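There are 2 protein chains.
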Amino acid sequence: MTVEIICVGTELLLGNIVNTNAAYLAGKCAGLGLSCYHQQVVGDNAQRLEDAIRLAISRSDIVILSGGLGPTEDDLTKETAARCMGRELVMDEECRKKIDSYFKKRGMEATENNWKQAMVPEGGIVLDNPNGTAPGLLLKGEQAHLILLPGPPLELVPMFEESVAPYLNALGLGVIYSQTVKLCGISESEAETLIRDLVDGQANPTVATYAKTGEVHIRVTARAENEKEAKKLLKPLVKELKTRFGSYIYSTEEDVTLERAVVDLLIANKLSVTCAESCTGGRLSARLINVPGVSEAYKCGYVTYSNKAKRKILGVKKSTLQKYGAVSKQTAEEMAKGAARQAKADVAVAVTGLAGPDGGTQEKPVGLVYISCCVKGKVTVKEYHFSGSREKIRESSTSAALALARRCMLEYFSKVTFGKE
Amino acid sequence: MTVEIICVGTELLLGNIVNTNAAYLAGKCAGLGLSCYHQQVVGDNAQRLEDAIRLAISRSDIVILSGGLGPTEDDLTKETAARCMGRELVMDEECRKKIDSYFKKRGMEATENNWKQAMVPEGGIVLDNPNGTAPGLLLKGEQAHLILLPGPPLELVPMFEESVAPYLNALGLGVIYSQTVKLCGISESEAETLIRDLVDGQANPTVATYAKTGEVHIRVTARAENEKEAKKLLKPLVKELKTRFGSYIYSTEEDVTLERAVVDLLIANKLSVTCAESCTGGRLSARLINVPGVSEAYKCGYVTYSNKAKRKILGVKKSTLQKYGAVSKQTAEEMAKGAARQAKADVAVAVTGLAGPDGGTQEKPVGLVYISCCVKGKVTVKEYHFSGSREKIRESSTSAALALARRCMLEYFSKVTFGKE
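Keeping their order, the protein sequence lines are chains A and B. Sequential numbering from 913 applies to the first sequence in my numbering. Sequential numbering from 913 applies to the second sequence in my numbering.
By construction, these hints were calculated from the structure, which means they are not laboratory data. Careful: at least some of the hints might be erroneous.
The list cannot tell twin chains apart, which means a pair is met if one copy fits it or any two copies do.
[As the list claims (entries may be wrong)] Derived lysine-lysine pairs resembling DSS-like cross-links, with alpha carbons at most 25 Å apart:
| hint | residue 1 | residue 2 |
| --- | --- | --- |
| 1 | K1154 | K1124 |
| 2 | K1256 | K1224 |
| 3 | K1249 | K1235 |
| 4 | K1276 | K1017 |
| 5 | K1124 | K1028 |
| 6 | K1009 | K1304 |
| 7 | K1220 | K1182 |
| 8 | K1241 | K1017 |
| 9 | K1256 | K1230 |
| 10 | K1235 | K1276 |
| 11 | K1028 | K1327 |
| 12 | K1010 | K1304 |
| 13 | K1256 | K1241 |
| 14 | K1017 | K1224 |
| 15 | K1241 | K1016 |
| 16 | K1220 | K1256 |
| 17 | K1294 | K1124 |
| 18 | K1276 | K1009 |
| 19 | K1016 | K1124 |
| 20 | K1276 | K1016 |
| 21 | K1229 | K1256 |
| 22 | K1028 | K1010 |
| 23 | K1304 | K1016 |
| 24 | K1230 | K1290 |
| 25 | K1017 | K1028 |
| 26 | K1140 | K1154 |
On a predicted model such as this, the values are computed, not experimentally measured, just so you know.
The whole structure should be built from the sequences, with the hints applied where relevant.
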């Protein structure tokens, strides 16, 4: 079966935003066993949108549209899709109630244009949007299935996962099943070298590596009649990867992030954790607090951006700051120790570095970062050299801090040893 | 004049890469005064590529293709474009020499398929590629101009800047110039209601609203002979928007984010700031520390996730937590006051709320968030109801905290008053 993706939005045609929706949808559809031969982008123009939809229907079995479902005048996707399919728009009572309660909950009145969002093409299946007011839609026609999704990725992605993927799966396309082996503390090229033979000899299943900030994901994919068969194909391959990468693997579960792996390890060992952050400025704490249930392990953290804050809050010695500077092994070590003491935490992670764009010197260039981790009094400090923008350096530092925390805990509690990092 | 962008590549259809070329080319073309109504993505398939080019030629004056110019068998763009334009491929001597010297310089021999890259459609203008072996091409036909560019952004971007932009400029197209008016503390539908007349009556310049988490952007766009004329057209419109939205506007500059606007305001008023975060868990500090130069205003911040941390670090009263709970107006107020006192900061922003997914009750549902801002001892607390995932609620809370901080500072220092929020 073929799928075609149409992204609607003038901001795409003007180049104001990058079309991440198309990449996301294309990747997901490939994973579901659909062949995608065409993508289109059109603006909020009724005639051109209609032409695009009619063209897509004429050559593809499934047409996914994103964008143009909002409450404003120039949101035309639903009306145009209905016209292409020869359907009338009718008020959906369920939808109307949801919009009403969405605004009531916020102590606001829905404006007239919000009600437009409750109008649905006859025979359409409404897809719930827990992250916004614009519901999605499924329209099964004679020639093609039309799937309408909202434009904002934070709304589109959950709607695809929860409603569209199961719908497409039920069409019985055969499956392409993937599993991800997630590594940290190893570079992409190192990881690739270790599995070159598996990547080269690939047919079914296939093996591919993807670099993420501070992580490497190895994706194994099998094509089979059903999920059970696909899993059977993947099993020996995943086992082989586990043998090759050992403790570098932090998870093989889709929904386990690096921060979740760290929090799971903390909770399993009944440990409390704190963070002392300079250049990351709260990102490390924020990543940990992404994890539901983190309150069992995380009580408090410190953003100590100035030298004075490092001294007053964490007890970093004035002499250390003067002699070695704020971005130094010594300061990182005292930050972690101080944070552990102050928060009475079993584990403390501290980050200090130069995120730029200014402030670098020959000796201490932008991108130099020290991360330390104190586990029950035992401190490890590592030096890192990251590159890229201020944001990229801060994000790399945050991921490296999570990877180091995981490693230090494993070494302390499980007597696991790591290769060179 | 209209332009259409066709990106060629199976990796785009599989979702392996994000189509940054389309965004780049679209932005550049808009800046050059071209109207882009269509973008297409097709794979390395001769028939589908031919259909795509023929469709584009039939409806657009200029067609830009990226990708498929490489030396391998499945690179088909040049051959297909030549066929669509009815041209033969001939060996370009200049090209052949360049490829030869490219490989000689690297001490390598050009392989047979490299010579394919020196074949050029009759009448085509070869565009130099200093960053790779695949030259670009300009083909002027009766119906349309065809422009062929290599796929790798590091080759495409310099070639566009150096060769294509001057070529397009020489066609005398005029410019399309945009400006963004950025608002916070107002919903998209409210904002749209206030400018319905401007959106409806649009021709040149045009007005459109875009929702971002916690913000609304209004984009005004004018078409004119040159940038100066375009700016002249936009001026009265931007002035009108400033009158209608007043203090809700935090910037009209492309590169000013909400956090940057807050930091600018802090620095302009010589104020120091601190944050006390529960559910946002460091995100608010991290957003502020996104801004280079923030160290002038930001010294330290606190992530007080547990009740005990709220008491010990911020001095929130035990009785307050017992009587009203951690997620309450009263706790938020004491958090801000305590943080200001502890950090000796002029401004303190505190966030406490239920980010979910669990822990909500009938009385205090997931999404309930209190944000308080203390400016020189004067505390404002607001109640918010956000929805969506844990991540969405935390991101909405962070943006709302920045908006509230901005508002409280403006009200305190500039005696600015806001409408209902």
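Hint check:
{"no.": "1", "hint": "K1154 x K1124", "in the structure": "within (19 Å within a copy, 41 Å between copies)"}
{"no.": "2", "hint": "K1256 x K1224", "in the structure": "both (16 Å within a copy, 12 Å between copies)"}
{"no.": "3", "hint": "K1249 x K1235", "in the structure": "within (18 Å within a copy, 35 Å between copies)"}
{"no.": "4", "hint": "K1276 x K1017", "in the structure": "between (52 Å within a copy, 12 Å between copies)"}
{"no.": "5", "hint": "K1124 x K1028", "in the structure": "between (40 Å within a copy, 21 Å between copies)"}
{"no.": "6", "hint": "K1009 x K1304", "in the structure": "between (43 Å within a copy, 22 Å between copies)"}
{"no.": "7", "hint": "K1220 x K1182", "in the structure": "between (33 Å within a copy, 18 Å between copies)"}
{"no.": "8", "hint": "K1241 x K1017", "in the structure": "between (50 Å within a copy, 17 Å between copies)"}
{"no.": "9", "hint": "K1256 x K1230", "in the structure": "both (22 Å within a copy, 20 Å between copies)"}
{"no.": "10", "hint": "K1235 x K1276", "in the structure": "within (14 Å within a copy, 51 Å between copies)"}
{"no.": "11", "hint": "K1028 x K1327", "in the structure": "neither (61 Å within a copy, 39 Å between copies)"}
{"no.": "12", "hint": "K1010 x K1304", "in the structure": "between (39 Å within a copy, 19 Å between copies)"}
{"no.": "13", "hint": "K1256 x K1241", "in the structure": "within (22 Å within a copy, 29 Å between copies)"}
{"no.": "14", "hint": "K1017 x K1224", "in the structure": "neither (43 Å within a copy, 34 Å between copies)"}
{"no.": "15", "hint": "K1241 x K1016", "in the structure": "between (53 Å within a copy, 20 Å between copies)"}
{"no.": "16", "hint": "K1220 x K1256", "in the structure": "both (21 Å within a copy, 12 Å between copies)"}
{"no.": "17", "hint": "K1294 x K1124", "in the structure": "within (20 Å within a copy, 38 Å between copies)"}
{"no.": "18", "hint": "K1276 x K1009", "in the structure": "between (59 Å within a copy, 21 Å between copies)"}
{"no.": "19", "hint": "K1016 x K1124", "in the structure": "between (41 Å within a copy, 21 Å between copies)"}
{"no.": "20", "hint": "K1276 x K1016", "in the structure": "between (54 Å within a copy, 15 Å between copies)"}
{"no.": "21", "hint": "K1229 x K1256", "in the structure": "both (19 Å within a copy, 21 Å between copies)"}
{"no.": "22", "hint": "K1028 x K1010", "in the structure": "within (13 Å within a copy, 60 Å between copies)"}
{"no.": "23", "hint": "K1304 x K1016", "in the structure": "between (40 Å within a copy, 19 Å between copies)"}
{"no.": "24", "hint": "K1230 x K1290", "in the structure": "within (22 Å within a copy, 34 Å between copies)"}
{"no.": "25", "hint": "K1017 x K1028", "in the structure": "within (19 Å within a copy, 64 Å between copies)"}
{"no.": "26", "hint": "K1140 x K1154", "in the structure": "within (21 Å within a copy, 60 Å between copies)"}
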